[in-house]
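Visitor: Quick mapping for you: the protein sequence lines, in order, are chains A and B. Going by our numbering, the first sequence opens with residue 73, and the numbers climb by one from there. Going by our numbering, the second sequence opens with residue 73, and the numbers climb by one from there.
Be aware that one or more of the hints could be misleading.
[Unchecked claim] Cβ-Cβ distance ranges computed for the label pairs, FRET-style:
#	chain 1	residue 1	chain 2	residue 2	range
1	B	S241	A	E245	36 to 44 Å
2	B	D128	A	E110	22 to 30 Å
3	B	D208	A	N134	39 to 47 Å
4	B	G215	A	R201	48 to 56 Å
5	A	G215	B	G239	42 to 50 Å
6	B	G215	A	D128	48 to 56 Å
7	B	S195	A	M73	25 to 33 Å
8	B	D208	A	G100	23 to 31 Å
9	A	N134	B	G167	51 to 59 Å
10	A	Q209	B	E152	42 to 50 Å
11	A	D128	B	K161	48 to 56 Å
12	A	H206	B	D131	48 to 56 Å
13	B	G100	A	M73	23 to 31 Å
14	A	S195	B	S241	15 to 23 Å
[Said to hold, decoys possible] Straight-line C-alpha distance at most 25 Å; calculated DMTMM-like pairs for lysine to aspartate or glutamate:
#	chain 1	residue 1	chain 2	residue 2
15	A	K114	B	D124
16	A	K75	A	E240
17	A	K247	B	E248
18	A	K244	B	D228
19	A	K244	B	D133
20	B	K216	B	E236
21	A	K164	A	D184
22	B	K114	A	D214
23	B	K161	B	D124
24	B	K114	A	D102
25	B	K168	B	E120
26	A	K244	B	D208
27	A	K114	B	E197
28	B	K247	A	D228
29	A	K216	A	E197
30	A	K75	B	E120
31	B	K164	B	E154
32	B	K114	A	E120
33	A	K168	A	D214
34	B	K244	A	E197
35	B	K247	A	E120
36	B	K247	A	E197
37	B	K168	B	D102
38	A	K164	A	D203
39	B	K164	B	D124
40	A	K161	A	E120
Simulated from the structure, these hints should not be mistaken for laboratory data. In this text, a Cβ means the ideal position worked out from N, Cα and C, and glycines have one as well.
Protein chains: 2
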Amino acid sequence: MPKMLVPLAEGFEEIEAITIIDVCRRGGIDVTVAGVTEMTIKGGQGIEVAADCLLDSLDIDNFDMITLPGGLAGTLVLSESENVQSILKQMKEQGKYIGAICAAPLALHTADVLNEEFTCYPSIENQIRIDGYHHDQSTIIDGKVMTSQGVGTAIDFALKIVRELQGESSFKELKESILA
Amino acid sequence: MPKMLVPLAEGFEEIEAITIIDVCRRGGIDVTVAGVTEMTIKGGQGIEVAADCLLDSLDIDNFDMITLPGGLAGTLVLSESENVQSILKQMKEQGKYIGAICAAPLALHTADVLNEEFTCYPSIENQIRIDGYHHDQSTIIDGKVMTSQGVGTAIDFALKIVRELQGESSFKELKESILA
Numbered sequence: 073m074p075k076m077l078v079p080l081a082e083g084f085e086e087i088e089a090i091t092i093i094d095v096c097r098r099g100g101i102d103v104t105v106a107g108v109t110e111m112t113i114k115g116g117q118g119i120e121v122a123a124d125c126l127l128d129s130l131d132i133d134n135f136d137m138i139t140l141p142g143g144l145a146g147t148l149v150l151s152e153s154e155n156v157q158s159i160l161k162q163m164k165e166q167g168k169y170i171g172a173i174c175a176a177p178l179a180l181h182t183a184d185v186l187n188e189e190f191t192c193y194p195s196i197e198n199q200i201r202i203d204g205y206h207h208d209q210s211t212i213i214d215g216k217v218m219t220s221q222g223v224g225t226a227i228d229f230a231l232k233i234v235r236e237l238q239g240e241s242s243f244k245e246l247k248e249s250i251l252a
Numbered sequence: 073m074p075k076m077l078v079p080l081a082e083g084f085e086e087i088e089a090i091t092i093i094d095v096c097r098r099g100g101i102d103v104t105v106a107g108v109t110e111m112t113i114k115g116g117q118g119i120e121v122a123a124d125c126l127l128d129s130l131d132i133d134n135f136d137m138i139t140l141p142g143g144l145a146g147t148l149v150l151s152e153s154e155n156v157q158s159i160l161k162q163m164k165e166q167g168k169y170i171g172a173i174c175a176a177p178l179a180l181h182t183a184d185v186l187n188e189e190f191t192c193y194p195s196i197e198n199q200i201r202i203d204g205y206h207h208d209q210s211t212i213i214d215g216k217v218m219t220s221q222g223v224g225t226a227i228d229f230a231l232k233i234v235r236e237l238q239g240e241s242s243f244k245e246l247k248e249s250i251l252a
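Can you build the whole structure from these sequences, using the hints too?
Guide: Shown next, in the form of structure tokens:
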């Protein structure tokens, strides 16, 4: 069972985070929700979600993927957290999958782990780079780095993570069962 | 500011609940998340969400709409809860809006507050009635009762709630900003 880490920081975008966790668990991925600094984390729309554990309690070698939800305030914490930035670099070096949606590709850029081709929430590319940015695709997969645009593309993004980690038949079956 | 009540019971579908709360708050609706029996509620995919209050602490006269997330286990609690069933009947009598997605239209049926035309997660209609069931539309609005199909239609459903309560321009602006 592939293992995915989803770090949550105050101000995370709730639909993006929950969609990634829920769809990937439905797709047979073992998802760990880790609080960056606290065990209960408030999202950008005021919804409090409980983490499974704190980020610094984890052995990162156990994970096959890390995926960052968006939300601008949450993304800034992920960009400024030494722990998150160090985990991103470590997972990139180990050839693990890395994902980010909405504003969060900025946190990948800060860690210098983005590949050439990417997408993000429109206008965030101005803080990353125009080169390699795609405004017209919901989700971009470049090697093992997956990026997506925002709330409206979260299900597409999560389903494509399932396709990468679990294969085409899991993807198709799940897509149909959630009416996506 | 219109007020909407979202009751959460253990086993609720997380994407549906969070999408309704998040999108409607973005759309300027004052959403209260109420635990049916507890202040921290675990969804069907194991994600724990904090309620704003307990359901029995509320004055129902203050609300313009009640919306039920799906998830089969959560729906059974909503169908069996005397408090939830009584609130549904009270809001129907008062001409308030009532919404439900996925399995949750079954809880509306139990309270006898569904209107003629409805939709739900495919196969749940067998526990409601075939008459008036639409399998080919994401969201059905019949009078003040709104129903929708499931995870993949949750954003459409939430946006249509915003359109009903806040009008066309709020709907369009929000739809564009979340890339839906």
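Visitor: Could you run down the list of hints and mark each one as holding or not?
Guide: Evaluated hints:
1. In this structure, S241/B and E245/A meet the distance hint of 36 to 44 Å, their C-beta atoms being roughly 39 Å apart.
2. Range check, D128/B to E110/A: about 29 Å between beta-carbon atoms, so the 22 to 30 Å window is met.
3. Between D208/B and N134/A the Cβ separation comes to about 44 Å, which falls inside the hinted range of 39 to 47 Å.
4. Our hint of 48 to 56 Å for G215/B and R201/A holds, since their Cβ atoms are close to 51 Å apart.
5. Checking the proposed 42 to 50 Å range against G215/A and G239/B shows it holds: the Cβ atoms sit about 45 Å from each other.
6. Checked against the hint of 48 to 56 Å, the C-beta distance between G215/B and D128/A comes to roughly 53 Å, which is consistent with it.
7. Between S195/B and M73/A the beta carbons are some 28 Å apart, a value that agrees with the proposed interval 25 to 33 Å.
8. Taken as a hint, the range 23 to 31 Å holds for the pair D208/B and G100/A, whose Cβ atoms sit roughly 30 Å apart.
9. Checking the proposed 51 to 59 Å range against N134/A and G167/B shows it holds: the Cβ atoms sit about 55 Å from each other.
10. Our hint of 42 to 50 Å for Q209/A and E152/B holds, since their Cβ atoms are close to 45 Å apart.
11. For D128/A and K161/B, the Cβ-Cβ distance of about 50 Å falls inside the hinted range of 48 to 56 Å, so the restraint holds.
12. Distance hint check: the CB atoms of H206/A and D131/B are about 50 Å apart, consistent with the given range 48 to 56 Å.
13. G100/B and M73/A have their C-beta atoms about 42 Å apart, which leaves the hinted 23 to 31 Å range violated.
14. Under the hint 15 to 23 Å, the C-beta atoms of S195/A and S241/B, about 22 Å apart, fit the expected range.
15. A threshold of 25 Å between alpha carbons decides the hint, and for K114/A with D124/B the separation of about 12 Å falls inside it, so the pair holds.
16. Between K75/A and E240/A the CA atoms are separated by roughly 18 Å; this keeps the pair inside 25 Å, and the hint holds.
17. Between K247/A and E248/B the CA atoms are separated by roughly 24 Å; this keeps the pair inside 25 Å, and the hint holds.
18. For the hint linking K244/A to D228/B, the alpha-carbon distance of about 21 Å falls within 25 Å, and the restraint holds.
19. For the hint linking K244/A to D133/B, the alpha-carbon distance of about 45 Å lies beyond 25 Å, and the restraint is violated.
20. For the proposed pair K216/B and E236/B, the alpha carbon gap of about 9 Å is at most 25 Å, so the pair holds.
21. For the given pair, K164/A sits about 9 Å from D184/A by alpha-carbon distance, which is consistent with the 25 Å threshold.
22. For a cut-off of 25 Å, the pair hint linking K114/B to D214/A is broken: about 35 Å separates their Cα positions.
23. For the proposed pair K161/B and D124/B, the alpha carbon gap of about 23 Å is at most 25 Å, so the pair holds.
24. At roughly 17 Å between alpha-carbon atoms, K114/B and D102/A fall within 25 Å of each other, so this suggested pair holds.
25. A hinted pair counts as satisfied when its Cα atoms are at most 25 Å apart, and K168/B with E120/B does not qualify at roughly 29 Å.
26. Between K244/A and D208/B the alpha-carbon distance is near 20 Å, which keeps this suggested pair within the 25 Å criterion.
27. Only pairs whose Cα atoms come within 25 Å are accepted, and K114/A paired with E197/B is rejected, the gap being roughly 36 Å.
28. Between K247/B and D228/A the CA atoms are separated by roughly 17 Å; this keeps the pair inside 25 Å, and the hint holds.
29. Annotation: proposed proximity of K216/A to E197/A holds, straight-line Cα distance about 20 Å (limit 25 Å).
30. Straight-line distance between C-alpha atoms of K75/A and E120/B comes to about 20 Å, which keeps the hinted pair within the 25 Å bound.
31. Taking the CA atoms of K164/B and E154/B, the gap is near 15 Å; set against the 25 Å cutoff, the hint holds.
32. The suggested pairing of K114/B with E120/A holds, with an alpha-carbon distance near 12 Å, which does not exceed 25 Å.
33. For a cut-off of 25 Å, the pair hint linking K168/A to D214/A stands: about 13 Å separates their Cα positions.
34. For the hint pairing K244/B with E197/A, the CA-to-CA distance comes to about 24 Å; that is within 25 Å, so the pair holds.
35. Only pairs whose Cα atoms come within 25 Å are accepted, and K247/B paired with E120/A is accepted, the gap being roughly 24 Å.
36. At roughly 21 Å between alpha-carbon atoms, K247/B and E197/A fall within 25 Å of each other, so this suggested pair holds.
37. Between K168/B and D102/B the alpha-carbon distance is near 15 Å, which keeps this suggested pair within the 25 Å criterion.
38. Pair hint K164/A plus D203/A holds up; C-alpha atoms about 21 Å apart against a cutoff of 25 Å.
39. About 24 Å separates the Cα atoms of K164/B and D124/B, which keeps this hinted pair within 25 Å; it holds.
40. Among the hinted pairs, K161/A with E120/A is inconsistent with the structure: their alpha-carbon atoms are about 29 Å apart, more than 25 Å.
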